[in-house]
Amino acid sequence: MRLKIILASAVLGLISVLCAAANSPRSDGPTTPVAQSSAQADAMRMEGEKRFRANCGRCHAAPQKFPPRMMATIVRHMRVRATITDEDMRLVLYYMTQ
Amino acid sequence: MESRAEFQGAFQRPPGGGPFGGPVSKNLDYLQMDYIANPYLTVTVGRFLTPFGIFNERLYPIWIRSLQQDPLILPLSAESSDGMMLRGGFPVNAKANLNYAVYGSAVSTGHSNLGSDRNVGGRMGVFLPGPRVEVGASWQKLLQNGRTNAFGFYSTWQSQRVPLNMHSEYARSNQGSGYWVDGAYRLSQAPFWQRSMRRLEVAGRAEQFFSGQISSDAARAFGLPGANTREGEFGLNYYLHDGLKAVTSYGRQFSSDGNANLWSVGIAYRFALPLGGVGQQ
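These protein sequence lines map, in sequence, to chains P and L.
Residues 0 to 97, numbered by numbering that gives the first Met the number 0, are exactly what the first sequence covers, in order.
Residues 0 to 280, numbered by numbering that gives the first Met the number 0, are exactly what the second sequence covers, in order.
Pulled out of the complex, with its shape left as it was, chain P reads as follows:
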């Protein structure tokens, strides 16, 4: 019984903390960031490649190129599977589609 109470409290506490922490940025799906200049676009591509190698490259090579909407679905799936961060996901998606 005590274990159940502890577990229920832990889960509720975790949800509360995460909901509170998430007040500011809301994630409505993997939208590709928009670059303001070509220099910024290059920098975002490089950063995206770096994040890809650090997160995704630990398990597998880069897949073939897919249309952006399909790639967004794949990246959303992998975000959940590999628990990568929101920022990493967006930059990886930029690298994979731009």
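Everything labelled a hint here was simulated from the structure, so no lab data went into it.
Note that CB positions come from ideal geometry on N, CA and C, so glycine has one too.
It is possible that some hints are incorrect.
Partial list, derived from the structure: chain L residues whose beta carbon lies under 10 Å from chain P [claimed, not checked]: (1) N37; (2) W62; (3) G88; (4) N96; (5) G129; (6) R269.
Assemble chain L onto chain P, guided by the hints.
For chain L alone, kept in the frame of chain P given last:
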């Protein structure tokens, strides 16, 4: 929503001769619905891969794993669970990301391909993007039968200087304990036959299993070795392209139940078929 199902066939010629035949097993690994509530939290309901250690969730697919044999300790925790899971990953600071998963599972005995135990558990890991190191720990509490605990630790490392990936895992429960360490090295830096060598990967794994508090027959029923076991495995993989690879491996298993050679030869092919519109974003 996402899903994965497996069909596995084992065909052999009967001892007295005749046509090849054998059973085909079917299994639903996961059928889950994910709701990305915010950047820190994803809520998953349905049948999902149990987040215990790293092999089951991340390294299991045949197009990802570098050696085709499962680690000996894989059955120490439930491979799939039916219930609800909260998970996510977020940066703690510029140098570290935290990832977590907590879940509760209901018992399911109605269909052998959809079975699950009543349990709760979780996993937490810290990933350092700089050195590309991740370490983490898992825990699972069975809420039926012996109400036993299982726990484990894992680590991964990807070298930035050479194309080398290392993974390791340790797990312990009343059914036994053990560890595995594996590594995969792409020969892309070899100074000769560059065109072919960059597609070649050398992989190896060392692992050990120690029997637990259950009988040998019960251990085998769980898919575990029936006695203390050591195993070494060596493999060569050739990537024809990113979605197609030829795999070979040889392993030697040492056990008081008898030693054995483990050979694997195969082709792993990965493809994606769009089931809906794939227009421009």
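These are the hints, each one checked on the structure:
1. Here the hint on N37 (chain L) is kept, as its CB sits about 3 Å from the closest CB of chain P, short of 10 Å.
2. A least Cβ separation of about 7 Å between W62 (chain L) and chain P falls short of the 10 Å threshold, and the interface hint therefore holds.
3. Below 10 Å, beta-carbon pairs count as interface contacts, and G88 (chain L) has one with chain P at about 4 Å; its hint therefore holds.
4. Restraint check, N96 (chain L) versus chain P: the minimum CB separation of about 5 Å is within 10 Å; hint holds.
5. The interface hint given for G129 (chain L) is met, as the beta carbon of that residue sits about 9 Å from the closest beta carbon of chain P, less than 10 Å.
6. Proximity of R269 (chain L) to chain P holds as hinted, the smallest CB-CB distance being about 8 Å (cut-off 10 Å).
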